[in-house]
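Q: Protein sequence lines, in the order shown, are assigned to chains D and Z.
All you need for the working numbering is the position in the first sequence, starting with 1, plus 85.
All you need for the working numbering is the position in the second sequence, starting with 1, plus 9.
Incorrect hints may have been included.
Said to hold, decoys possible - Only pairs whose alpha carbons sit at most 20 Å apart, straight line, appear in this in silico SDA-like list of lysine to any residue:
(1) D/K319 x D/D252
(2) Z/K178 x Z/P167
(3) D/K360 x Z/V198
(4) Z/K178 x Z/V148
(5) Z/K178 x Z/V198
(6) Z/K178 x D/G240
(7) Z/K178 x D/D127
(8) D/K319 x D/G240
(9) D/K319 x Z/A90
(10) Z/K178 x D/K360
(11) D/K319 x Z/T213
(12) Z/K178 x D/P263
Worth flagging that the hints you see were computed from the coordinates, not collected in a lab.
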Amino acid sequence: MSTRLFLGVGFLALLLTAASLPAHASAPLAQDAAAGAQVYADNCASCHQPGGLGLVGTFPPLAGNPSAADSTYVEEVVRNGLSGAIEVLDVTYDGTMASFSNLSDDEIASVVAYVATLADVDPTAVPTEQPEVVEPGDIGEGRDLFIGSDRLANGGGACVGCHTAGDVGNLGGWSLGPDITNSHDALGGEVGLAAWLSSPASATMRPIFNDRPMTDDEIADIVAFLGDAPTQSKPTDPGDGLIYAGVAGLIVLIGGMAIAWRGMRQTYVDVLRSKR
Amino acid sequence: MSTNDLLFGVFPYVAGALLVVVTVIRWRFRPFSISSLSSQLLESRRLYWGSVPFHWGLSTILVGHFVALIIPRGFEIWNGAPLRLYLLEATGLALGLWAAFGIGVLAYRRFTNARIRAVSSTMDFVVLGVVALQIFSGVWIAVGYRWGSFWGTSVFVPYVRSILTFDPKPEYVDPLPFALQLHAFTFWVFLALMPFTRLVHIITLPLGYLTRPWQRVVRMRESPAVYHPASEKPLERQH
Chain D
86 MSTRLFLGVG FLALLLTAAS LPAHASAPLA QDAAAGAQVY ADNCASCHQP GGLGLVGTFP
146 PLAGNPSAAD STYVEEVVRN GLSGAIEVLD VTYDGTMASF SNLSDDEIAS VVAYVATLAD
206 VDPTAVPTEQ PEVVEPGDIG EGRDLFIGSD RLANGGGACV GCHTAGDVGN LGGWSLGPDI
266 TNSHDALGGE VGLAAWLSSP ASATMRPIFN DRPMTDDEIA DIVAFLGDAP TQSKPTDPGD
326 GLIYAGVAGL IVLIGGMAIA WRGMRQTYVD VLRSKR
Chain Z
10 MSTNDLLFGV FPYVAGALLV VVTVIRWRFR PFSISSLSSQ LLESRRLYWG SVPFHWGLST
70 ILVGHFVALI IPRGFEIWNG APLRLYLLEA TGLALGLWAA FGIGVLAYRR FTNARIRAVS
130 STMDFVVLGV VALQIFSGVW IAVGYRWGSF WGTSVFVPYV RSILTFDPKP EYVDPLPFAL
190 QLHAFTFWVF LALMPFTRLV HIITLPLGYL TRPWQRVVRM RESPAVYHPA SEKPLERQH
C-alpha cells in the first residue's frame, strides 16, 4: 500500500475525531449564581459547609465574609488553592485548600457569582465553636481500611494505593500521593479531616471519590487511624528494598536464560560445527 | 479544549481508528507485509539476549496490565496484604527491568551491527524509541511512584475504561505526574504506530494454538511397514 493511502486514512481518522469533538466538551453552564450553587455543593460544601458557614479553626466561612464579594480574589483562590493561617471575622483559620483548576471557566465563573451572594449573609449565623465529634472511630478498623485489607464499601481505592501514614509502608511506603501522617493536624483535627474526606478536594482524588464516596463510618475509622498516625514509628526504608528485589529478580531471569535455551542462541554455523 | 483533553481524550480515538482501519487495509491489500521481518539469519547471538527478555518481559507485563483492566478488584484484594503487594510489585519491576535490558541489547544491536543497520528502516528506529520510552517510563513509575498495581486500579483503570466505553474522562490523567502521563501517552502512540510499522506482527500472535485440537507428531513409527524390505532388521532411528 502506498504512503499516500496511509496518509489518507490517517487524515480520515483525524476528521472523524474532529467531528466527534463537541461531545467531549463540557456542557456550558449559565454564569449565574443558581448554577454556581450546584458547583458549590459538588466541590466546596464539604469543607466550607452548606451555606458557606465554614468549619471553626480550619475552613473559613464564606457567609458574611467580605472577601467573598471580591470576585477576582475568589477566582484566584479557586484556581490556585490557599493554605496557611488567615483571619476571618476575628477568628483564625488554618487549613489547606487544593487548586480547583480542573473546573471549567464557566463553572468557576458561576461559583464565584454564587460565593459573592454569600458575602451579604448575616455573619451571626456563622458558628464560632467546633461541633463535637459524635462517634469516634476505631483505629484498628481505620488501619485495615487504610491498607486495603478491608475494602471501602462504595468501591473507592484504598488510601494506601497512594499514601503513606504512620507505621504502614515497609519498602519505602506509598509515593504517588503525599505522606499524610500529619493530615489530622494539618486539616484541623477530627472534624476538619472528616469534612475533607467526605468529599476529597485534590484533583487526583476527586474523580475517584466523587462517584464512590466513603461512608461516614469509614471516615470516622480512617480519621481515628490518621489521628493516631503521628505517634506510630515510621518505616525507615526509603524505597531501596523494592529496587534490590527487582534487581535480584532481573539477575535470576538473566541467569536462567544463560542456562536454558542454550540451543536458541547458537548460530547455524555453530550447529553445523557441533554436528561434525 | 485543553491539551490534556486533546492528548488523553481525543488522541486515543485517533490511535484506535488508525489501528483498526489501517490494519484491515494492510491485511487486505498487503497481507505478506504483516511481519516484523526477522533478522535472525543476519545475527542471532545478540538477538537471543535482546529479543527473548524483551518479548517475554514485555508480554508478561502487558498481560498483567490487561488483567488489571478486566478485574481490578482482584488486584485490590490481592494487594490487601502488604507482603503480597511487595511480591507482585517486585516481580513486575524485575520483568520490567528484564524487558529494559532486552530492548537495550536490541537497540545496541540495531545501531552497531552493520548487517542489521543495512536492513533497518527509519520506522524501525521510531518503534525502538517509542517502545523504549514505554518501558523506561514504566520502570520509572514502578520505582518512583510506588505501588502502581494499587493506585492504578483507581486512576488508570477508570480512565482506560472511560475510553473503551466512548465516555472519555481525561480528567483522571490531568493531575498525574509527568511519568504517568508519558506512560499513558506513549501507549496511544504505540497503538497508532502499530499498523504502519513492524509492530503489526503482534496481531499474528498464534492464540489459536491454545484452543486447537492437540496433535501428535510421529517421526518414525516402529511398525513392519517401515522395515527395510531387503533386511530383517528395523531401520536405525534417525532424528
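Q: Indicate, hint by hint, whether the structure satisfies it.
A: Right, here's what the structure says about each hint:
A hinted pair counts as satisfied when its Cα atoms are at most 20 Å apart, and D/K319 with D/D252 qualifies at roughly 5 Å. For the proposed pair Z/K178 and Z/P167, the alpha carbon gap of about 8 Å is at most 20 Å, so the pair holds. A hinted pair counts as satisfied when its Cα atoms are at most 20 Å apart, and D/K360 with Z/V198 does not qualify at roughly 47 Å. At roughly 25 Å between alpha-carbon atoms, Z/K178 and Z/V148 are farther apart than 20 Å, so this suggested pair is violated.
The suggested pairing of Z/K178 with Z/V198 holds, with an alpha-carbon distance near 18 Å, which does not exceed 20 Å. Taking the CA atoms of Z/K178 and D/G240, the gap is near 18 Å; set against the 20 Å cutoff, the hint holds. With a C-alpha separation of about 17 Å, the suggested pairing of Z/K178 with D/D127 holds against the 20 Å cut-off. A hinted pair counts as satisfied when its Cα atoms are at most 20 Å apart, and D/K319 with D/G240 does not qualify at roughly 28 Å.
This hinted pair checks out: D/K319 and Z/A90 have alpha carbons roughly 18 Å apart, not beyond 20 Å. For the suggested pair Z/K178 and D/K360, the alpha carbons sit about 61 Å apart, so the restraint of at most 20 Å is broken. Distance hint between D/K319 and Z/T213 is unfulfilled; the C-alpha atoms sit about 50 Å from each other, more than 20 Å. Note on Z/K178 and D/P263: the hinted pairing is violated, with a Cα-Cα distance of about 24 Å set against a maximum of 20 Å.
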